[in-house]
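Protein chains in written order, with this note's numbering: chain A, 1 to 332; chain B, 333 to 664.
Here are the computed lysine to any residue pairs in the SDA-like style, where the Cα-Cα straight-line distance is at most 20 Å:
no. : chain 1 : residue 1 : chain 2 : residue 2
1   : A       : LYS285    : B       : TRP614
2   : B       : LYS486    : A       : THR300
3   : B       : LYS617    : A       : TRP282
Partial chain A-side listing against chain B, Cβ under 7 Å, derived:
no. : residue
4   : PRO114
5   : PHE134
6   : HIS141
7   : TRP143
8   : THR147
9   : PRO277
10  : TRP282
11  : PRO291
12  : VAL293
13  : PRO298
Per the computed footprint, the stretches of chain B lying under chain A, defined by three or more beta-carbons under 8 Å from a beta-carbon of chain A, are:
no. : segment
14  : 448–458
15  : 463–471
16  : 476–489
17  : 610–617
18  : 627–639
Calculated directly from the structure, the hints in this document are not laboratory data. Glycine included, each C-beta is placed from N, C-alpha and C at the ideal position.
There are 2 protein chains.
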Amino acid sequence: MAEPIFRLLVINAREDETALHASQRDFEHALATAEHPTPRIEARFLVHGDPTLPEALAWANVLLGWRLPRPLIAAHGQALRLIQLINAGIDPLLPLDWLPPGAALCNASGIHGPRLQEWATMVLLMLQARMPFFATAQRAHLWSRRTTPCIAGKTVLVFGTGGLGSAVARAGRGLGLTTIGVKRTPCPVADFDEIISRDDTMRALGRADFVMLTLPLTPATRGLADAAFFAAMREGAGFANFGRGALVDQPALCDALDREHLGGAILDVTTPEPLPPDSPLWSTKNLVITPHVSCDDPTTYIADSMRLLLENLRRLASGRKLKNQIDKLKGY
Amino acid sequence: MAEPIFRLLVINAREDETALHASQRDFEHALATAEHPTPRIEARFLVHGDPTLPEALAWANVLLGWRLPRPLIAAHGQALRLIQLINAGIDPLLPLDWLPPGAALCNASGIHGPRLQEWATMVLLMLQARMPFFATAQRAHLWSRRTTPCIAGKTVLVFGTGGLGSAVARAGRGLGLTTIGVKRTPCPVADFDEIISRDDTMRALGRADFVMLTLPLTPATRGLADAAFFAAMREGAGFANFGRGALVDQPALCDALDREHLGGAILDVTTPEPLPPDSPLWSTKNLVITPHVSCDDPTTYIADSMRLLLENLRRLASGRKLKNQIDKLKGY
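So that you can see chain A by itself, here it is in the shape it has in the complex (with noise of 0.2 Å):
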């Protein structure tokens, strides 16, 4: 019998958090599900904090998993020529110093698509009902009328025009919105209208009914969302965050919603998450926040990271170029 091609070792959270556990029943399905032969793969199984992940560290050649044990992968990942991830997002792991110089590191981006195409439909069209200034009422017990237009006709801007904000631009288009992206390097990109660059941006904001973040978070992107941002939005235009907390600056924010300049937001994402109970920003005026869950779909979720993980294996294994690699120095 041949020897396994691939050893992959998948890291799963303590806590029971189903959404993100990958196990070998997930593993065995993709297995059987997949569309393409698949490499011959010996797997393991292991949560955060078991003592024996430094020996399986050092046995496998491929990782799956999320919230890396970064000190034990420097230490011990020498073998590893993969690191997959479940999740989108890699800030937590900047900077990339403990990756092992012979594994290339992927994310999940894409997966999320269709919950958040989804969820974005969903807060657009809270937004333009005023929900978030009906949820700050309900919370003063106060019956206050306004009522609202259908939405058609009106323009959305979004940041990030990768998988997450493809998904928001197609939630715009559905609901008949004029689709502005915001890409560093602009170029057209399909469910986009139009494209600016980032230069552009505090122009762009002025035209926009509804400005959404779905960046990832990098240097160049914290604190993105500012008061001179917030202030080139119109009057009465709503926002919603579906990257990351830290692309915000919180008091900012919380500064145009009670100032009435912004008519609402939502947001997805905060810092620090989780949100602490004493947080000024549970009772803010016209602020919705929900807990970090637009984008995860918990019965398809593991499903397509394991498809995503086989196909890189398959990559990997001819020598392709693979999905969703990390740029080392760009940090995305």
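On the provided structure of chain A, position chain B as indicated by the hints.
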């Protein structure tokens, strides 16, 4: 110059409710943009409480309004041939003993469709995403993650298959749901996959992931959604009411939510309205309240009402059947 055929009295609310104020300008715009020749109309515009109302009512043969001054109409409106409402629900006008014998009463059913369709899309997505749960968690300053799959493939049960019910069904279909309608006299209705009679209600409740009310309030529908109704719903299902608050036994709903038998509810109508600050509904677990705004598009509402009025005047002038005429016996 020939005598005007119709003498129209428009009675507006005194409060500044822009969405429901029908001005002379709105009327002239409707005349100028009418698609068909319109009978000659002389129009007067008054507000509730105007001392000249009795005289104006005696003068008019057509009335357009909302929250009608019933005793004044009974006393002075003997010349009225058409009373065109700019809203749909006539329950505050029942019984119709004040209606002059020669006057037809017509409501504005149908003009709420586009706004409600979009609103119901939002409500379905919010129930699927567990937004009432997150709103409750936000009130308690709690970061409590629950991930949810996409909505396609679920089932919505809609009580009422008229203008509002069909709008909810279209919302459901647009999201890939199976749509079941409850209708007093079952027959196929566009936008519904299946129509059932009220006798089959209890069985159908157990098949639905979402249950939505769009019924008028009549003696037969009052208190329809009671403890047995909620008990027959699926564990974790979502509920919404777009009809009238008194369709729902509110303490029974609160109980079903408190016990977490239902996953969440969104009410756009309550009893009473406005809901007083000391109502327990405001802080009921997993319940979102909006202040009776789901069906009103302020940019189209009055124009659509005026268009309906002109259509009914054309029909009246040529002796044709009126649109949306209320059956005095059925009360809807």
